[in-house]
Amino acid sequence: MIAYLAMATGFLLILIGFYGALTNRNLLRMIVAFTIADSGVNLVIVAVGYMRGRTAPILDATVPAADAAARIIDPVPQALVLTAIVIGVGVTALMLAYAYRLYEKKRSLDIAKFMDLKW
Amino acid sequence: MVNALFIIAAALAAAFLLGLLKEQWRGAAYAVTLVALGFMTWISADWAWAFAMNGAAPVDIFTAGTEPPFAINLRMGRPEAVLTLIVNLTGLLSALAMKDALLALGRRAMAVLLVATMAFCGIILTRDIFNLFVFFELAAISTAGLILLSDDDRALSAGFKYLIVSQVISVFLLIGIIFAYHATGTLNIDGMADAAQALLPGGMQAFALAFFLMFMALVAELKPFPANGWALDIYESAHPAYSAIFSAAAGTASLYAVDKLLLIGGAAWLPAATGIGIVTFVGANLLALPQTKDRRLLGYSSVAQIGLILAVLGQRDVLGDLTSFIALGLLVAHSVAKAGLYWLSGLIAGRELTAWAALRGHPLMVFAFATFLCLLVGLPPFPGFYAKWELARVLAAEGRLALLAAILFGALVEAGYLFRWFGHAIKRDKPAEEISCAPFSVAAVCIAVVAGWALGLLWGEMAGFLFGRSNLLLALPLLFALAFLLLDFLPAWLKNTLAIAGLAGFFALTWTEYDPLRLIFAIIFTLGGAIVLLASFSAHGRRIGFYPAAMLMYAGMVMLIRATDTFDFFAAWELLTVGSYFLILRGKHSEPHALSYLVFSLGGAFLILMGFALAAGSGVSPRLTFDIASLSQLAQPVAPWVFLLLAIGFMTKTAAIGLHIWLPGAHAEAETDVSPMVSGILLKAGLYGLFVLLMSMGKQQLYGVELTTLMLWIGALTALLGNLMAIFQEDAKRLLAYSSIGQMGYALFGLALMNHLGWLMALMFVINHYIYKSMLFLAVGGVAKRTGTRAMYQMGGLITLMPLSFIAVLIGIIAMSGVPPLSGFGGRWIFYNAILDTDQRLPMIILFFSGPIAFLYLFRLIHTIFLGQLKDEHRKLKEAPFWVVVPQMIYVVLLLAFAVVPGIALRRVDEYMNQFFPEGGLDWSGLLITSNYGYWNPVAIMIIVGCIFMTLFGWLLFVNRRAQKVKQFNIVFAAERPYRPETTHFAWNFFAPYRKALGFLVQPFATRFWDAVTGSLHAAADFTRRFYTGNGQTYAIQLVGFVVVVFLLARGI
Amino acid sequence: MIKRVSVLLLLLAVGAIFATLLAGYEADPELNLTARYYADRTAADIGAANIVTAIVVTYRGLDTLGEVTVLFLSAAILGLVLAQGRKREQARRERVPAGELLTTGTRILAPLIMLLGVHVFVNGHLTPGGGFQGGAIVASGVLLLLLADPVKHFAHGLIAAVESLAGIFYVAIGLLGLLLAGGFLDNRFLPTGELGALFSAGAIPLIYSLIGLKVGAEFSAILADLSDTEEL
Amino acid sequence: MGMLMTAMTVLLCIAMIVAAFVAIAGKSLPIAILSAGLVSLVASVLFLVLASPDVAMTEAAIGSGLTTFLFFFVLGRVRKGEHDGGEHD
Amino acid sequence: MDFDWMKVPYALLTLFIVFNFGLLQTALIQKIAARVGRRHGIPVWQNYIDLIKNYGQRSSITHGVMFYLGPVFRLSGGVGLLLFVPSLYGSEMFSNFSFAGDLILALYFVFFGTLGMALGAGESGHPHAAIGVSRGLAQVTAAELPFALAVFSVALQYQTLSVTEIVAAQQGGFLNWTVFTNPLAVTAAMLSFLGSMMRPPFDVVLAPQEIPIGPPTEYHSSYLALMQTNRAIFPVAKIVIYMNLFFGGATIWPEFFLKVFCIYLWSAFVGVVFPRFRVEQSIRWFLIWAVPIGVLSILIL
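One line per chain: the protein sequences are A, B, C, D and E, in this order. First residue of the first sequence: 1, per our numbering; consecutive thereafter. First residue of the second sequence: 1, per our numbering; consecutive thereafter. First residue of the third sequence: 1, per our numbering; consecutive thereafter. First residue of the fourth sequence: 1, per our numbering; consecutive thereafter. First residue of the fifth sequence: 1, per our numbering; consecutive thereafter.
Treat the hints loosely; a few may be bogus.
Stretches of chain C that chain A covers, calculated by requiring three or more beta carbons in the stretch to come under 8 Å of a beta carbon on chain A [to be verified]:
#1 17–28
#2 36–43
#3 60–67
Treat the hints as calculated values from the structure; they're not laboratory data. For each residue, glycine too, the CB sits at the ideal point set by N, CA and C.
Based on the sequences and whatever the hints tell you, model everything.
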């Protein structure tokens, strides 16, 4: 149930993020919207790996290595999300820097102002 | 061999190491970068060598000491080795080409370059889907960074647009990956593929959707049309050396990623790949048409090429093992060419296509340019050609003709705009700025050129290995032609001597190998070529570029008659087309004409290719390469289609009506000694093709229509309209060109008669037309050279100044008009005898009409140039240059000889044709030639006419022995005195009454039709490209829209 | 308006795809093959208690290397982007120094924060958290320093050196794995030790520490570069 | 326990969606940035619920913390462009 | 049918007969035409007088080699044409040089003289010559077409291109003549004949009534004489072909004279009745009226 909820929310976040990114013409707002979509993706990925009634994939006293297979949830999506988050922040930082420089060039954050290249 | 992981490790280590260097030590940083890239390249090369030469087995590389699917693994196999080699080499050479930019931006930029190259290699090497995602992100981010190397400040916005799009892509990819993982329990691509076998056919929807998302994400990296505006902006604004990477390396890597992904998707997704690929190929090529900016044009072309390869990957189900041969062939050709072109564009200051005229005066760079274009278009002997060939064969065999047609159409459009560009470079005004000669960049370009030719050699070897063919590039005639590239520094006279010796020598070496029919063509192509080349002795200086082009054409023609199978035939056909294109392009104003020549010729060539493919597909042969003669085994319903395609293809070369509009300009604007080559000799290649076609296929019926009858009509109409158009020309060379159209119509007609004498007549025209058209073109060319104009009405009265040219023209027109006793009469005589044997009477009537019309333009030719009033400004003209006159005199002798003893050429052919048409041959008893209907004694005619003429001439001399030459104006002129030569020389609009009566027949319908076709293509393209608004957000919307549309289509299907 | 509607329609279609995915999703009752392998073998093979860490650092170490490289790239490109139009010298003068409280607070807090970061990544193989989280925490310490003393010339060189060295060592350790153990980034060329101990799980603590340092340095570099920009 | 968890999840989800709407539709850019940070922060709580402490930590530290800082850094430099491209279409 | 030397004197004899016949015939026709126009006309020996006068004239200038050779070409064309076709059927003596070629040779040799004349006239530098040539060539292309069609029709009919064989096939009563067995072809040919005889309504090429114009504009004295000679021989030579193809040929000279005269009279008859066409009008006329008949004659066969 939680997994479904989280997943649905994740998808919704992606859509909201996309909508924001595709309709807002302000560069910074587009970037903000993309971070929301990224969060949504992360949520979906983690939700996919969730298994009801199991614990985090860390072995300790309560989860001995021997019966880990029956006790823990799928660790792989979590590993993937870690990577995805870091990549996401890298891209966001980069986009922000671009936005800054674009603003420096045209004194505007309106994406419709950057149409020198076309056709 | 070094573990392929070292490619990644080395790049990263070097990139991190750069951080330790001081910002100021840029030289050192650059050196580190080059060493690292070199090392990476060496690893790939080492592997590629091992796979190619030592037959090494593919190696799986495990990381973390754990076997897949539990840890990420990489694979180094044959394709990986080649592809990483492409990537690394492009990276290395681009690093050379953008040395200045790298040094200006410092170590960070170099690190990014290293990481980018590594990322592309990673995409190729990895077998893990999520790892693929990571490498893609690395590639995307480093691309966004490297765009900054450009000195074009619009690059910044292009980078941002790319980042937006890559965000969208990565969301789709991640969602796809996680659901695919959930469905299959693995992230390993091979593991997923195995699992998919169990999942997909049952249509487990979630997995199919997950795959769809992954697939679309990776396809989006291929910049599919129309969701690719962002990519074009990058191509246009990035540093050209980076664009080279973006086109060659990124394209390569993404394609291989899609290829890997298709392993998972299986056969069900192949049509989608094909569909997207072919839409991209055709769409992008069309949009490139109205493009005037070089780098953007190359961008469109890159997109198109990648699309084509994607389409090929999508045909894996039918291509089977050939997929990699074809896709790789297209890919390496694309990569080398595109990288080379981008590096080249870095040397050029202007961004307009016309700015490439700066290359002129740098023969090496022009050669590089030409090499890249030929590589791209897939002309022999480059890999794309082999790929195109096999692809056509399989597609036709599988009945995927629509796809094949779309591919060929796209390729034709591509060739059109690429060679238009080449035309600009050769013909347009040279811009003020010289090209920069940065040694590293030039080196990169040169290496690409060498790589291109090496690939040609390699693919030739591979094709030889796979299909048992001899290597095209090593064919003696081609090698000989290419040798002139190396000898181009020699003076023209020396090269000319070599060329003539080569042609004659080749004939001497091989003449025993031909049957009589081929022997005649061989003589025309080699010895005939040698005679025309005599005229080239009149050229001074080095004449850069002439000999490679001319000899390429001759090589193609020689290879054409030596070809016994379809592959050699087609390759030769393309070679002679390219060679002649370069040759024609040399004319002063021939840019548009050379282009239309090329487009028509390639269009024709593609039809031929389709014809061969269709034939091969219908079971004549398991391979496309088959003995041409076995075309005869074709049966209904395919045979007539094959016939139609091949016939139209060949008729494009002979300029049959409707397909003729390229000819007048191309022949007229060519150089003096080139016109006879392309008219007198080159046209015969088309006739040869038709001969071969009819010899092997004979009559064919399509929907009850006898196709040879159709040809008969086309021939007759061509003869009529060609001749009609000729009489209205004011330009002497154009007149001759239109006349050639008419003459080819006669020959076509003769062939289509499908009887013994018809063919003999065609052959007679082949010989005659070669002789007199070469002669006339040389004569007229010589005159034009001296008078500085080709407009006939500006000449006049040149007979006394240029008597030898006059004699040549006189003999030429007597022969051509068919007046006895010269050789043209023989053609007419055979013609009459031939038509008596056939039932097709209506087209003959048209031909009857065109006969006397020829007389009109011929008279006009000689009258307006040589007779009438001499112009004041021409009074001091000299005879045409010695070396232009020499071949003309040879032709005069040949014509007379052929007129008296046509048997020397025709007798053996006549016998040879008995195997095709045992009936209706000629009887050659003594000097008398007898047919079923009539007889003809050329020697007697010559003697009788000669005697009568000499007798009367003697008589006139006797009664009028004191005749004195009077001044030109000393004429009886109805109560007026002549005023000036210009007003007294009746020359302009000579046949005005004819225009009044029949001018409606020469409305330029064909020209208008083709203009409308190209015009609407351009208009459509120009309209469609407005779609690329330049707004990054719109591009992202388009991408999402693209995904949705494909989704809907895929669901619909 | 047209744009909004068409985007809405397109996203509706995308939403339909997502909805289908959601509807077709069923949680696995048991761990799938890959996950089971990790659950069963991590402790024995890798010796890390935190299975996610084991996956991130070892099994999928190549991803992580790529991930670190992404940050490296971001930092480098950010530097490039901002360096192109930078007029740093004028920019610096105009900034107002931070208040006394912040400055003093920072002096006490920053080392503590950084220590916490180090703790997080050194224990990455045992507890939740690791190089990335630790690195981020270290970077936040740097951020604090930046806020407190924006005029101070920031030690770009030091950051770059830390970043590079960490990166080089990371690659080197990976290669050691290739040479001494089973493959690239194999952690087992060092003893795996006892499950749960600090010095266990082979090279994982080492690698994760390097990652932490590197990530911290990269984030710091990004922040420092951004802080060097001027207000437009 | 299950119920409680579910209810909490629902709450978290609603909070995220509301925050997301604020982020893309709100007039003020700083608030949009903060809302996006909030989405991340709530997501990291949800990750804890989903038994993913590693992810939760990362998301909290990087996704919500660092990213928000980056945004404000840049926003501070381009203040005047905050409203560019609004209210046009 | 091989060459032997005896053919030469025989051919010269034919030439002599035809030459005299031609001179008289043209004069006669001109006289008839004059009488139709209520004029007195020339005496029948007038052509002899003109010829002798012109050969005797001394003013001899030339505009160049081709100019000089023009009349030679012209007359060679006429003589050659005559000699390549057998004059009398069944007569070894008057079969001339027809062994050298068949009907096609004759058809194409017609152009030999035309071409030479045109070239010679062209070199005169006189614009009217060029205009005349342009008109003449333009007209002849259309005028020759029905004839070519008719010839082809006849060749198809008799399955041969040999003139002798065609005549042979028409022997045995006048109903065997082509004019009765293939009337359409003959109609087409006879319409075409009008165009090639340089008589009204198709004589704008020469336009004798106006100022000196047409190809021979600059020719005089002995040149003109040669051309006059040709004007006597060439029409007869051409008519001989018609006669052989369509009207059963001739076996004796009187029959020859009669048939040739009658065929020639046909063009004179039309000429005095109709006004002159402009060139484009005559082209259209031939294409609209004569050509379809010729086409029909081939198709019906």
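Results for each hint:
1. Judged by the Cβ-Cβ criterion of 8 Å, the region 17–28 of chain C is covered by chain A as claimed, because 7 of its residues qualify and three suffice.
2. With 6 residues carrying a beta carbon less than 8 Å from a beta carbon of chain A, the region 36–43 of chain C meets the three-residue requirement, and the given coverage holds.
3. With a threshold of 8 Å between beta carbons, the proposed coverage of the region 60–67 of chain C by chain A holds, since 5 of its residues qualify and at least three are required.
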